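Those protein sequence lines, which keep their order, are chains A and B. If you're matching positions, the first sequence starts at 1 in the working numbering and goes up one per residue. If you're matching positions, the second sequence starts at 1 in the working numbering and goes up one per residue.
Careful, some of the hints might be misleading.
If chains are identical, the list can't say which one is meant, so a pair holds when it fits in one copy or spans any two.
Pairs of lysine-lysine residues, derived as DSS-like cross-links and limited to a Cα-Cα distance of at most 25 angstroms, are as follows [claimed, not checked]: (1) Lys203 <-> Lys88; (2) Lys160 <-> Lys283; (3) Lys57 <-> Lys109; (4) Lys268 <-> Lys203; (5) Lys203 <-> Lys6; (6) Lys256 <-> Lys203; (7) Lys46 <-> Lys268.
Because the hints were derived from the structure by calculation, they are not lab data. Just so it is clear, the structure is predicted and the values come from calculations on it, not from any experiment.
Number of protein chains: 2
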Amino acid sequence: MDKNAKILIVGLGLIGGSYAQALTDLGFEVGAITRSRSSIDYALGKGMIASGTTEVKSEYVSRFDIVVFALYPHVFVKWIEDYRDYFKKGALLTDVTGVKRSVVYEVQKILTGCPVEFIGAHPMAGREVYGVRNADKRIFNGANYIVTPTPANTREAVEKCKDLGRTLGFARISELSPEEHDEMIGFLSQLTHCIAVTLMTSKESRHLVDYTGDSFRDLTRIAKINEDMWTELFLLNRDELLSQMELFEKQFDRLKTAIRDGDEDVMKEMMRLSTERRRYFDKPADKE
Amino acid sequence: MDKNAKILIVGLGLIGGSYAQALTDLGFEVGAITRSRSSIDYALGKGMIASGTTEVKSEYVSRFDIVVFALYPHVFVKWIEDYRDYFKKGALLTDVTGVKRSVVYEVQKILTGCPVEFIGAHPMAGREVYGVRNADKRIFNGANYIVTPTPANTREAVEKCKDLGRTLGFARISELSPEEHDEMIGFLSQLTHCIAVTLMTSKESRHLVDYTGDSFRDLTRIAKINEDMWTELFLLNRDELLSQMELFEKQFDRLKTAIRDGDEDVMKEMMRLSTERRRYFDKPADKE
Numbered sequence: 001m002d003k004n005a006k007i008l009i010v011g012l013g014l015i016g017g018s019y020a021q022a023l024t025d026l027g028f029e030v031g032a033i034t035r036s037r038s039s040i041d042y043a044l045g046k047g048m049i050a051s052g053t054t055e056v057k058s059e060y061v062s063r064f065d066i067v068v069f070a071l072y073p074h075v076f077v078k079w080i081e082d083y084r085d086y087f088k089k090g091a092l093l094t095d096v097t098g099v100k101r102s103v104v105y106e107v108q109k110i111l112t113g114c115p116v117e118f119i120g121a122h123p124m125a126g127r128e129v130y131g132v133r134n135a136d137k138r139i140f141n142g143a144n145y146i147v148t149p150t151p152a153n154t155r156e157a158v159e160k161c162k163d164l165g166r167t168l169g170f171a172r173i174s175e176l177s178p179e180e181h182d183e184m185i186g187f188l189s190q191l192t193h194c195i196a197v198t199l200m201t202s203k204e205s206r207h208l209v210d211y212t213g214d215s216f217r218d219l220t221r222i223a224k225i226n227e228d229m230w231t232e233l234f235l236l237n238r239d240e241l242l243s244q245m246e247l248f249e250k251q252f253d254r255l256k257t258a259i260r261d262g263d264e265d266v267m268k269e270m271m272r273l274s275t276e277r278r279r280y281f282d283k284p285a286d287k288e
Numbered sequence: 001m002d003k004n005a006k007i008l009i010v011g012l013g014l015i016g017g018s019y020a021q022a023l024t025d026l027g028f029e030v031g032a033i034t035r036s037r038s039s040i041d042y043a044l045g046k047g048m049i050a051s052g053t054t055e056v057k058s059e060y061v062s063r064f065d066i067v068v069f070a071l072y073p074h075v076f077v078k079w080i081e082d083y084r085d086y087f088k089k090g091a092l093l094t095d096v097t098g099v100k101r102s103v104v105y106e107v108q109k110i111l112t113g114c115p116v117e118f119i120g121a122h123p124m125a126g127r128e129v130y131g132v133r134n135a136d137k138r139i140f141n142g143a144n145y146i147v148t149p150t151p152a153n154t155r156e157a158v159e160k161c162k163d164l165g166r167t168l169g170f171a172r173i174s175e176l177s178p179e180e181h182d183e184m185i186g187f188l189s190q191l192t193h194c195i196a197v198t199l200m201t202s203k204e205s206r207h208l209v210d211y212t213g214d215s216f217r218d219l220t221r222i223a224k225i226n227e228d229m230w231t232e233l234f235l236l237n238r239d240e241l242l243s244q245m246e247l248f249e250k251q252f253d254r255l256k257t258a259i260r261d262g263d264e265d266v267m268k269e270m271m272r273l274s275t276e277r278r279r280y281f282d283k284p285a286d287k288e
């Protein structure tokens with residue numbers, strides 16, 4: 001990445017803050033726009049950003065070569081509508097939004113005619129805590145980064161966006177269409193959050209703490225969930241999430257039927273397949 | 001615990017081996033009986049046991065004050081049937097079996113008239129690997145240990161069994177009836193394993209590794225599963241497991257309906273409850 005590129009983070013929460021920290025530590029000039037003055041002050045105090053403001057002004061926005069949006073989807077789209085003319089000519093715009101079909105095409109449409117290029121990206125990293133005070137650039141290490149180009153994107157922008165992912169420290173950088181992304185994320189991330197929430201709301205559970213092993217803890221770590229953000233993400237990907245939930249229900253029912261019927265062959269076959277496939281997901285540290 | 005107590009481990013796998021290691025390191029004399037000569041040799045070589053044999057002989061078994069069974073349920077019951085007269089008078093027998101109703105009462109019945117007492121216990125610790133070569137006494141640190149007395153048990157045996165749990169390093173020691181245990185474990189452990197297996201068998205998933213975040217990894221860690229052991233455990237707790245699966249399905253369907261209908265109130269209410277309840281399960285290290 002061009003060492004002189006100036007980078008603006010819009011939305012200084014956990015992810016935006018972690019981007020800022022990582023890029024500043026690498027020597028880039030990083031600025032920030034966010035709603036809360038105290039978030040700006042915190043980030044300035046910690047040396048995570050070189051400048052920051054709560055007001056959106058053309059003179060400030062137009063100083064930056066790369067702009068990263070780390071906002072709720074509806075806030076992000078509204079922001080682009082309001083300030084589409086503020087960007088520097090030739091700026092690359094990207095985001096961190098967890099859904100793509102409903103955001104990427106709309107943002108590209110709004111920006112039609114503007115001398116900038118927007119390309120979607122999804123850093124697959126997070127924590128169960130929020131805000132810039134919990135920012136930690138180490139969450140990107142070993143994680144996946146997905147770029148979601150559309151036919152409107154140039155090859156140059158795709159490469160620059162991938163380069164940003166590599167610079168941030170992501171381990172695997174890949175490309176998916178917005179449609180492929182939303183199907184994947186419906187299964188890997190949204191469905192798993194639905195399962196965690198379901199487990200955690202199935203029983204009054206305070207007393208269960210005394211009896212649990214690690215498996216229940218593992219399956220519910222992500223049950224601490226920001227209800228505004230995830231409700232928005234689920235509804236923006238509703239059709240895909242519902243098909244992934246139905247796929248899961250069907251397979252769960254297959255296992256339940258086998259247990260009910262004492263069908264050891266089916267039970268063992270599913271467990272063998274499960275064991276075999278899970279090995280693909282071992283991180284080097286998990287391997288014995 | 002009486003420092004002079006001699007302890008016999010029957011079944012030298014991951015859990016049996018970890019018991020042996022912990023107790024030997026604390027200065028107890030530990031013996032072992034297991035099928036595989038190489039497991040005995042390994043444990044002797046590593047100083048995990050003072051003696052060990054693959055043959056079940058009365059002269060050997062009768063030397064021990066405490067006998068811990070770490071076997072598959074059906075092997076355990078058969079063992080007791082075959083060798084019920086081999087134990088030292090006054091010996092305390094316990095186990096590590098993951099289901100209780102179907103085992104505890106039967107073992108106590110077989111031992112009727114023998115001058116020994118059996119009391120069930122379930123150490124809530126494990127790993128996704130097997131065998132004495134993976135034994136590690138540290139898996140007990142911070143974990144839960146459940147003692148499952150029946151009306152046939154004496155208070156003295158209950159206390160001795162709890163004392164064994166404390167000695168092994170478990171953080172929380174509790175008592176449940178075999179029935180309460182099986183309901184709890186049906187939900188906390190068996191249901192979660194069913195979910196992990198279902199997730200892992202829902203899609204061909206080798207390519208998913210490039211796109212996944214930590215949530216899918218967390219939910220499927222336990223999808224690497226010993227199919228013989230878990231099929232046996234599921235079927236021995238079939239009625240409870242099926243009711244826990246149905247409870248989960250009902251709640252999952254509630255969330256699915258809310259998503260389909262765009263019912264943000266129900267979605268957010270479930271997420272808030274989930275977030276609130278999950279806090280009970282934070283380990284000290286998870287807390288911010």
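Comparing the hints with the structure gives:
1. Lys203 <-> Lys88: Answer is neither: 53 angstroms inside a copy and 44 angstroms across each miss the 25 angstroms cutoff.
2. Lys160 <-> Lys283: This pair counts as neither: shortest intra-copy Cα distance 27 angstroms, inter-copy 41 angstroms.
3. Lys57 <-> Lys109: Result: close within a single copy only, 22 angstroms intra versus 81 angstroms inter.
4. Lys268 <-> Lys203: Only across copies: Lys268 and Lys203 sit 17 angstroms apart there, 29 angstroms inside one copy, limit 25 angstroms.
5. Lys203 <-> Lys6: Answer is neither; intra-copy 50 angstroms and inter-copy 42 angstroms both fail.
6. Lys256 <-> Lys203: Answer is both; intra-copy 20 angstroms and inter-copy 18 angstroms each pass.
7. Lys46 <-> Lys268: Neither: 54 angstroms inside a copy, 34 angstroms across copies.
Hints 1, 2, 5, 7 from the list above are not met by this structure, while the remaining hints are.
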